[in-house]
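Residue numbers (numbering that gives the first Met the number 0), protein chains in the order written: chain C, 0 to 198; chain S, 0 to 381.
Since the hints were made in silico from the structure, they are not lab data. There may be inaccurate statements among the hints.
[Stated by the list, open to error] In silico lysine-lysine, BS3-like type, Cα no more than 30 Å apart, as pairs:
#: 1; chain 1: C; residue 1: Lys-37; chain 2: S; residue 2: Lys-334
#: 2; chain 1: S; residue 1: Lys-334; chain 2: C; residue 2: Lys-95
#: 3; chain 1: C; residue 1: Lys-198; chain 2: C; residue 2: Lys-37
#: 4; chain 1: S; residue 1: Lys-310; chain 2: C; residue 2: Lys-56
#: 5; chain 1: C; residue 1: Lys-56; chain 2: S; residue 2: Lys-334
#: 6; chain 1: S; residue 1: Lys-377; chain 2: C; residue 2: Lys-37
#: 7; chain 1: S; residue 1: Lys-377; chain 2: C; residue 2: Lys-14
#: 8; chain 1: C; residue 1: Lys-14; chain 2: S; residue 2: Lys-310
#: 9; chain 1: S; residue 1: Lys-310; chain 2: S; residue 2: Lys-334
#: 10; chain 1: C; residue 1: Lys-118; chain 2: C; residue 2: Lys-159
#: 11; chain 1: S; residue 1: Lys-287; chain 2: S; residue 2: Lys-334
#: 12; chain 1: C; residue 1: Lys-37; chain 2: S; residue 2: Lys-310
#: 13; chain 1: C; residue 1: Lys-56; chain 2: S; residue 2: Lys-287
#: 14; chain 1: S; residue 1: Lys-276; chain 2: S; residue 2: Lys-287
#: 15; chain 1: S; residue 1: Lys-334; chain 2: C; residue 2: Lys-14
#: 16; chain 1: S; residue 1: Lys-334; chain 2: C; residue 2: Lys-198
Being a predicted model, the structure only gives us computed values, none of them experimental.
What follows is the residue order along each chain.
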Amino acid sequence: MSLRTDLQIISEWIKPGSRVLDLGCGDGTLLHYLQETKQTTGYGLEIDDENIVACIKANINVIQTDIDAGLSEFEADSFDYVMMTQTLQAVHYPEKVLNEMMRTGHEGIITFPNFGHWKSRAQLGFGGYMPVTRTLPDEWYNTRNIHLCTLRDFERLCSKNNIKILQRTVVDHAHRSYLGMRLFPHLLGEIAIYRFQRK
Amino acid sequence: MPDAIPADSVGLVTPQTMHFGEPLLLECGRTLKQYDLIYETYGELNASHGNAILICHALSSDHHAAGYHSMDDRKPGWWEACIGPGKPIDTDHFFVVCVNTIGGCQGSTGPNTLNPDTGIPYGPDFPVVTVKDWVNSQARFGSALGIEQWAAVIGGSLGGMQVLQWSIDYPEQLRHAVIIAAAPKLSAQNIAFNEVARQAITSDPDFHQGRFYDYDVVPKRGLMLARMLGHITYLSDDAMRRKFGRELREGKINYGFDVEFQVESYLRHQGESFIGKFDANTYLLMTKALDYFDPARDYNDDLSTALTHAKARFLVISFASDWRFSPGRSREIVKALLDCAHDVSYAAVESHEGHDAFLLPIPYYLDVFQAYMSDVKKEISP
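Work the whole structure out from these sequences, hints included.
As structure tokens, this is what we get:
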């Protein structure tokens, strides 16, 4: 089975037999992969009808809900990992969601497009317009991404909320990693992947 | 009447009756010494008996869930949208069983059947039956059919409540529980509507304290009012607006009290057509079963505790405009299942149709249902 590299990286971080919650689980690819390879159990949360049908077809437990409405249906510390891939930038209340992740899960895993990538900086800095890149392909007026951030922004938000970052890695739009990117993640990383927990 | 039976229908079906001589102890403390259950089946039971699906029906429906009784039938069974070859409850793969509840009026032992002790209809002497009683009788019925474990138990509304009760009371005997447009117990508002319906029936002079059979009459006005009231709660405000608006039957106001608005005509038609089809005593019993339903009651009023030992996988579905059992009520069930870390999926279907939506062929609803049932199908051993 081929899997996007960011999902591959996440699955390497996850201990076998864990209970996981995937916020904005899409068509269930990651959860399905984790179930097959790591014998995880748990749920995906998703809002889109088509994705719900895809998850059910893939035998994934999926709950149709709006993440912005909170995770009140889940008790504290219900999961080993609460994950959110490529969704942070699309929620209305990222800080609230982050804290909910830390309430319901022992560890959190988040991936998001790095707005501090050099191409974004160049387009905004020199071009004077909102960046349109491979990881952020929509125009400012029709994007669902309303809370874009850089690596530094995210790390500041974590520190403000007493969240300790355990692991960070960056990949490019094709979810590959190379040396330059590892040396200059803020500038060259297109997608950021974090694992974190409460301090 | 169908000119020809549609290819995706189970076609012509004939109800069967099973007699039970062994007494059934009811929750109210009384005992039914013997009873009959009327049921229909669609599809074939396979060699391992592992492909059986039990359908639980709602308040005013019955065992006739799909197909036609004769080519003269105006309409097919009540869940034709979901049961049939290639449909979510695929009769090419599943053996589907639907049984009329005890206390019903379509052939199972109920108020309108003869009490063997007296030789006259039970009428008001029929014991008050509960969802738990129904589930017990269905479990016994399943054993009689040779079914040790249902591949799935499925129901909407009051049917969904039976499914929930099944998952709690007989955890080993079902692999999947599909609960549609239901609630874990009625709200005060739900009970209030039921009480008005019961008052309409019992205050009808033709009700005769439930002994109307002896007088060869039917409490028509009461039954009709109960049904009209019910129908208001089955539809959403939006659905009524779309269906009828303020449309006038004769195109003008007549300044009188006859039927003028189309919605009045619709309600009266629904009420009148119910009179010949449904028994007033059964209506009282069914509404009571609804009011009393509260599986958490035996578990310190905690639904999560009630569901601790459930083993089934669950699919819960709600409909946006359903105000009888709103999506929030379904989520109470989901929450309890999440607390127990049980396998559950939940779909919130956008629909303008109100509570009745669960009977309608809404594309997303059918897609979710079909996807889930195809998983159920995959697990079946031949």
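Checklist entry - Any hints this thing doesn't respect? Which numbers, in order? => result Violated hint: only 13; rest satisfied.
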